[in-house]
Each structure stands twice: as structure tokens, then as C-alpha cells.
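For the record, the sequence lines run as chains A and B.
The first sequence begins at 1 in full-length UniProt numbering and counts up by one.
The second sequence begins at 1 in full-length UniProt numbering and counts up by one.
Hints are computed from structural coordinates only; laboratory data are not their basis.
Some hints could be false.
What the hints assert, rightly or not - Dumping the calculated EDC-like pairs for lysine to aspartate or glutamate here, alpha-carbon to alpha-carbon at most 20 Å:
hint, chain 1, residue 1, chain 2, residue 2
1, A, K189, B, D179
2, B, K189, A, E50
3, B, K52, A, E50
4, B, K189, B, D179
What follows is the residue order along each chain.
2 protein chains.
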Amino acid sequence: MNKPPIDFYFDFSSPYSYITSEWIEALAARHGRTVRWHAVLLGVTFQAAELKPPVAHPIKRDYVLRDFARSARFEGLPYTQPEVFPIPTQNAARVFWWLNENDPGRAVAWARACLRAYFARGVNLSDPEALKALAAEFGLEPDHAEAVWNEPAWKERLKRANESAVAAGMFGAPYVIVDGEPFWGNDRKAQIERWLSQGPF
Amino acid sequence: MNKPPIDFYFDFSSPYSYITSEWIEALAARHGRTVRWHAVLLGVTFQAAELKPPVAHPIKRDYVLRDFARSARFEGLPYTQPEVFPIPTQNAARVFWWLNENDPGRAVAWARACLRAYFARGVNLSDPEALKALAAEFGLEPDHAEAVWNEPAWKERLKRANESAVAAGMFGAPYVIVDGEPFWGNDRKAQIERWLSQGPF
Numbered sequence: 001m002n003k004p005p006i007d008f009y010f011d012f013s014s015p016y017s018y019i020t021s022e023w024i025e026a027l028a029a030r031h032g033r034t035v036r037w038h039a040v041l042l043g044v045t046f047q048a049a050e051l052k053p054p055v056a057h058p059i060k061r062d063y064v065l066r067d068f069a070r071s072a073r074f075e076g077l078p079y080t081q082p083e084v085f086p087i088p089t090q091n092a093a094r095v096f097w098w099l100n101e102n103d104p105g106r107a108v109a110w111a112r113a114c115l116r117a118y119f120a121r122g123v124n125l126s127d128p129e130a131l132k133a134l135a136a137e138f139g140l141e142p143d144h145a146e147a148v149w150n151e152p153a154w155k156e157r158l159k160r161a162n163e164s165a166v167a168a169g170m171f172g173a174p175y176v177i178v179d180g181e182p183f184w185g186n187d188r189k190a191q192i193e194r195w196l197s198q199g200p201f
Numbered sequence: 001m002n003k004p005p006i007d008f009y010f011d012f013s014s015p016y017s018y019i020t021s022e023w024i025e026a027l028a029a030r031h032g033r034t035v036r037w038h039a040v041l042l043g044v045t046f047q048a049a050e051l052k053p054p055v056a057h058p059i060k061r062d063y064v065l066r067d068f069a070r071s072a073r074f075e076g077l078p079y080t081q082p083e084v085f086p087i088p089t090q091n092a093a094r095v096f097w098w099l100n101e102n103d104p105g106r107a108v109a110w111a112r113a114c115l116r117a118y119f120a121r122g123v124n125l126s127d128p129e130a131l132k133a134l135a136a137e138f139g140l141e142p143d144h145a146e147a148v149w150n151e152p153a154w155k156e157r158l159k160r161a162n163e164s165a166v167a168a169g170m171f172g173a174p175y176v177i178v179d180g181e182p183f184w185g186n187d188r189k190a191q192i193e194r195w196l197s198q199g200p201f
């Protein structure tokens, strides 16, 4: 019997989501699991939980900017704090859901390409021209990508994803669900690993 | 040459501080370090950073209550969610600073006794009678403990500790500083361990 997939909710503007996106597939595979990726808007989940982004708080802001980069180095990943941060990510997310409809693997590849572009190369995913250029680099027809993110059907699909995330208890990113158990944050990696290897604890 | 001590800032009402308090001395000792404990009021640091306790947020509340207990189990520690939570902890903290004046080791023992009493046995540290009983159990004269927490000098000492914590960048608990590098949260254990064993990364 196949083990149930892991649900991985992320936002394209979340540094900790970027870090998690780089280890979650390998971790899942080591334990015979697959991963279902869910691109969502973190702002919607913040609003539901009456939260603000960590960089919107004095004192905490300085800490998290330091911790983003350090947590990436801890995982051996390149990281450059984007100058424009955080950014609205609905366009990248709508392209994700469009690709996901026919080929979830291709959607995952797009998610990784976007996260790496933003957090390692500073590509501003909220700038339509930059996102079109990234789409072209990825092998999509840029005008078609733009048509997708302006299409009501994909706006609606993202909206449903956001609602599902809130319904699943998401209030921060990344948010990972394994066998119904929620894990918030890149720093829950060790707990997720124990759950996958030994079951509930 | 001795390596500089690790600074460990905590609040008696913080579950993640309790968990960290149970591993930090052993971790430090393995790397030839000592630990300076700082009892502070998390509420003061929340205010400075314009934050509220995690349980004050809808959705996030449910998650953290689950995560407190799971994170304790992950470290093999007993944990029972206190019915009254969070609580004001200035009395326990003032006794900590009073003990610390003459015997930091005894202050650490008091901190551990309080954290274990609250998080493993549900002893409400904000109830003067319960705290006096705990003081007696610990070997203090209960009326003297009460006199200490009502004494302006120890109120002032705690105030200074809170101000130092904010000045050091604290906005949440536990907050650990190693060689000037700040680590927030029980979940930064692995990063602290790498820092201690390999130096800055």
C-alpha cells in the first residue's frame, strides 16, 4: 500500500519556503513518500490569523533578515536577500496552478525555478517583465504565461488554494502536513523526519 | 583561554524556554562553554517588537498548543499544557535575580524547578501561595521569598534585565546569544550546535 503524500504549502516570497523546497522532495523520497506542492498567498493566511509579516515588526525584522541567510547557509544553499521584499506573488502562483493542472511535476519545476530566481538571483517575481523573462528561460511562451496570470480561471484556482490552506490551519510558511499532522516552518525538518521514519510521536 | 559564556534569555511562562532549559547546559558543556541565564518578562520584549503571544492569534493558537507538547516529546521531556496560560512571571523572576546575586548556580536550579513545576505539574507560578509552596519545596523560607518579590530592589533588577534583553534584540523566547550571534527559539538547537562545534557559518 502506498503511503499518503506529504502536503507542502508555500509562498514564492517566503525565504523559509525556499529553503524547505530544496530538501522536502529528497526527505520524502527517502521515506517512500511523494510531495503535493501548494502555491498559496501567505498574506491571506496572515490575515486569517491576524498576523503581519515578521519583517513588519521592529527588532524582529533585524533578526529574521539575519536568520533567513543563516538558515540557508545551514542547509548549504545560496541566498541573497532580495532588495524588494516581501513581494506579491499571485502571478507566479497562478502559472503554478495552470501547469499543475496537466503536469504537477512541471509545476514543481516552475516553483523551484521561481524560488531560486528570487532568493539566489534577486529576480523580482512581482515585476511582469521579469516574470515573463523567467517564464521564457523556463521554456514557456512569455505572452502565454502573462495571459494565464490574467485569466479569471487561474485567479479562481489560486483563491481556492488559499482557502484550502487556511482551512488546513496554515498561518505561516512553509506549512507541511504529514498524515494529518501539521508542521510549520523550515525548522521543523527534524520533527518531520522523525515522523516519517518512526511514525507519530 | 576560556571561551565566552552563552547568554540564555527565558521567561518562566514560555514552553519553548522550558524545553531549551533542559538541554542548553549539556550542549554548552560539550563545547567547553558555560551558560549565563537571564530570567526576563517576555511581555516586555513583545511590546518592544509590537508582537502578541502566539496563543493570542486565531488559527496559530491551535497549532502552537499542539507544537509545545510535540516539541517537548521530541526532546523526551514531560509536558502538560498548563490550564492557566500564559501567566505573569515577575515573582519567580525576581527570586531568580535575588538568588543570582550570590549564587548563579542556585538561581539556575530555581529556574529549572519553576519551569518543571509549571510545565510538567501545572503549578501556577503566578499564584503567590503556589509559588511560596514551591519556594519551600526548593528550600527557601516562603515568607522570605515573598518579601523578595515585593522588594523594590529586585523589581528594579528584573526591569534592568528586561531592558538588557530588548537592547540585545530579544523579541521572543528563548533567545540565545553565542559570540554575539543571536538565535531565537528552541528550534535553533541544531544551528547553535553547529556554531559551537565549527564556529561561525
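Structure-inconsistent hints, enumerated in ascending order: Hint check: 1, 2 fail, others pass.
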